[in-house]
Amino acid sequence: MKSYSDYIWFETEKKVEYIRITDEVEQRLFDSGIQEGFCLVSAMHITASVYVNDAEQGLIQDINEWLQHLAPEEKDYRHNSLSDPNAEAHLRRLIMGHQVVLPVTEGKLDLGPWEQVYYAEFDGQRRKRVVIKIIGE
Amino acid sequence: MKSYSDYIWFETEKKVEYIRITDEVEQRLFDSGIQEGFCLVSAMHITASVYVNDAEQGLIQDINEWLQHLAPEEKDYRHNSLSDPNAEAHLRRLIMGHQVVLPVTEGKLDLGPWEQVYYAEFDGQRRKRVVIKIIGE
Amino acid sequence: MKSYSDYIWFETEKKVEYIRITDEVEQRLFDSGIQEGFCLVSAMHITASVYVNDAEQGLIQDINEWLQHLAPEEKDYRHNSLSDPNAEAHLRRLIMGHQVVLPVTEGKLDLGPWEQVYYAEFDGQRRKRVVIKIIGE
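So the protein sequences, as listed, match chains A, B and C. Heads up, the first sequence is in the numbering used here, so the first residue is 763 and it goes up one at a time. Heads up, the second sequence is in the numbering used here, so the first residue is 763 and it goes up one at a time. Heads up, the third sequence is in the numbering used here, so the first residue is 763 and it goes up one at a time.
Simulated from the structure, these hints should not be mistaken for laboratory data. Take these hints with a grain of salt, some might be off.
Same chains, same names: a pair is fine if it fits in one copy or spans any two.
Unchecked claim - Distance condition first, Cα-Cα at most 16 Å in a straight line; then the derived EDC-like pairs of lysine to aspartate or glutamate:
| hint | residue 1 | residue 2 |
| --- | --- | --- |
| 1 | K777 | E827 |
| 2 | K837 | D872 |
| 3 | K764 | D793 |
| 4 | K870 | E786 |
| 5 | K764 | E868 |
| 6 | K764 | E786 |
| 7 | K776 | E786 |
Same shape as in the complex, but just chain A:
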């Protein structure tokens, strides 16, 4: 069994950003030389998500407004009096999930026609990272 680890660092300009990272993940897979296995992509900070969905800006805005509605910023959270006022960012990460496992087949990510890997930042303007870990042969 072979294994490979690397990290992608982010420091977004805005508080909330959605960044397509499929190509960065595919590059790491190529570097790893692994042909068959699993590729884990996981946000290491607890106010960010990694998810798979469409690279369509209208939908990304829809997702963002929907998250603002389901986990509003203005609500009177306990967390906000004790720590960084970012409780809504924790909740949005929980809805969206923080990791994906991508199948690796014949040296490629085995993704459907519209599947794109995204990093969603909900409390940015600081350095954060995503771990990419690939195991296989």
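We have chain A already, so just place chains B and C on it with the hints.
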């Protein structure tokens, strides 16, 4: 390390359907011959989910009504003016998740007494697939 | 490839509890002797979650109130007339997810500075378990 990949195709009659696929996954595991490892089951289309929960029709109806409430079909989504009018299906997939990793022990899926693997279609009546990828020994 | 399986049992005093299990998972990883690989932590009962987020009691209370709002206990669920009256617990598990895959690097869980593994019980006061399965080398 051994690896195995296969696909399950769906073309649902209705727009929204919940389909139990535990037996289909277990069959692929048997075919793979893998005794110890991980089995990934992942929707390859971005308006469908794979999740683990109860094979109880009352609960499935509850889940569906709850998703209709959290991500309503009628809302004025940007995505719907640019593309297929299916933004709500993307959002429901995001809540429900698109993949599960099942532990494989002694050649069986190591599931709890009520755990069943489901495919949830939120924008059906077209051909879609799920990838099953198993790695182990 | 090596593999390792173990279980953590829970029988919570209260119906709803959030229990930090990072140390219990790390102990199993140590016992496994695996240096590089993936560690799956997955709830085997369908009214409980495993997730990664902050060990901050204010946030945990915020998460709990937010789940009570998104999946209220009092709603007239079909499931509650047919089975245990715990439909809301199934829905909360679906939002929060039921499993995480943790990267294992140099014999340690490769977690970010605030990442903690949690078991969330939404219908407790009965025996339930979580499977920990580690594969790698």
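Exercise. Could you figure out if K776 and E786 sit no more than 16 Å apart (CA to CA) within one copy, between two copies, both or neither?
Key: neither (21 Å within a copy, 37 Å between copies)
Quiz item: 16 Å Cα cut-off: does K764 pair with D793 within a copy, between copies, both or neither?
Solution: within (12 Å within a copy, 21 Å between copies)
Exercise. Give the relationship of K870 and E786 under a CA distance limit of 16 Å: within one copy only, between copies only, both, or neither.
Key: This pair counts as within: shortest intra-copy Cα distance 13 Å, inter-copy 25 Å.
Exercise. Using 16 Å as the alpha carbon limit, work out where K764 and E786 are close: within a copy, between copies, both or neither.
Key: neither (20 Å within a copy, 27 Å between copies)
Quiz item: At most 16 Å between C-alpha atoms: does K777 with E827 qualify within a copy, between copies, both, or neither?
Solution: within (14 Å within a copy, 25 Å between copies)
Practice problem: First find the shortest C-alpha distance between K764 and E868 inside one copy, then the shortest across copies, and answer within, between, both or neither for a cut-off of 16 Å. | Solution: both (15 Å within a copy, 13 Å between copies)
Quiz item: 16 Å Cα cut-off: does K837 pair with D872 within a copy, between copies, both or neither?
Solution: Neither. Shortest intra-copy (40 Å) and inter-copy (33 Å) distances fail the 16 Å Cα cut-off.
Checked against the numbered hints above, the structure breaks hints 2, 6, 7 and satisfies the rest.
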